[in-house]
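Engineer: When you get a sec, could you build the whole thing from the sequences and use the hints?
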Amino acid sequence: DVKVTQSSRYLVKRTGEKVFLECVQDMDHENMFWYRQDPGLGLRLIYFSYDVKMKEKGDIPEGYSVSREKKERFSLILESASTNQTSMYLCASGTGPIPSGYSNQPQHFGDGTRLSIL
Amino acid sequence: GENVEQHPSTLSVQEGDSAVIKCTYSDSASNYFPWYKQELGKGPQLIIDIRSNVGEKKDQRIAVTLNKTAKHFSLHITETQPEDSAVYFCAASINTNAGKSTFGDGTTLTVKP
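Which chain is which? The protein sequence lines are A and B, in order. Reminder that position 79 of the first sequence reads as 79 in the numbering used here, one-by-one numbering, no gaps. Basically the numbering used here = 1-based index in the second sequence + 118.
Please note that a few of the clues may not be correct.
What the hints assert, rightly or not - Derived list of chain A stretches under chain B, where covered just means 3 residues or more per stretch with a C-beta under 8 Å from a C-beta of chain B: (1) 45 to 58; (2) 65 to 78; (3) 105 to 112.
Stated by the list, open to error - Calculated from the model, a selection of chain B residues having no Cβ within reach of chain A, i.e. all distances over 10 Å: (4) Q124; (5) E133; (6) A137; (7) S144; (8) D145; (9) D177; (10) R179; (11) A188; (12) G217; (13) K230; (14) P231.
Source of the hints: derived by calculation from the structure; they are not laboratory data. Heads up, the beta-carbon is just placed ideally off N, CA and C, and yes, glycines get one too.
Structural biologist: Right under this line is the structure:
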């Protein structure tokens with residue numbers, strides 16, 4: 001089974017701190033994603049990466065950055081945490097294009113990090 | 119960009135009844151439609167998916183239907199059980215190299231014993 005591991009289940013930080021959320025997948029997946037989940041707003045894409053050192057903005061990238069130095073690891077960085085970034089953060093991974101030609105494949109999620117910014 | 123709307127936001131059924139969740143999408147280029155189930159304290163997990171070259175797919179008590187003309191797709195759960203209680207998300211995806219999906223806002227399903 002695919003395993004996506006997020007380093008912390010719960011995290012409490014202070015306003016203005018630099019915060020790192022780490023995610024590791026064990027299936028050699030090309031694609032990795034960071035979402036935030038808020039009640040009534042579903043899953044909103046922050047950033048994604050389709051290869052090492054490659055990244056693209058999602059729908060809500062403001063206030064965040066990412067790093068992908070190794071294929072299995074995708075880090076989300078809050079440069080200067082603010083209270084409106086209190087949320088559940090979910091990491092996901094997915095395989096890249098397969099021989100059938102389809103690039104869009106299922107995503108495999110971690111169990112999330114609940115981040116509180118005080 | 120793609121917009122996915124999901125209804126209802128909450129759904130309560132008696133054990134043994136059927137449950138239907140509906141989603142609409144805006145981008146006619148979307149060709150992959152996965153459904154995820156999220157149990158309390160867990161991340162979403164894929165339960166069924168469908169591609170635009172088929173109209174229906176079934177896996178035991180779960181089925182998904184797709185109407186490309188109307189741009190909507192639905193999740194059907196028959197003979198519901200208490201363990202089906204969870205949040206369900208639909209998603210739509212275009213066949214790009216990134217494989218990213220746009221998600222609906224989720225449906226909280228409660229199955230009463």
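Engineer: Against each hint, give a clear statement of whether it holds in the structure.
Structural biologist: Here's how the hints hold up against the structure:
no., hint, in the structure
1, 45 to 58, "holds (count 5)"
2, 65 to 78, "violated (count 0)"
3, 105 to 112, "holds (count 8)"
4, Q124, "violated, 8 Å"
5, E133, "holds, 26 Å"
6, A137, "holds, 19 Å"
7, S144, "holds, 14 Å"
8, D145, "holds, 12 Å"
9, D177, "holds, 13 Å"
10, R179, "holds, 20 Å"
11, A188, "holds, 21 Å"
12, G217, "violated, 5 Å"
13, K230, "holds, 22 Å"
14, P231, "holds, 26 Å"
Checked against the numbered hints above, the structure breaks hints 2, 4, 12 and satisfies the rest.
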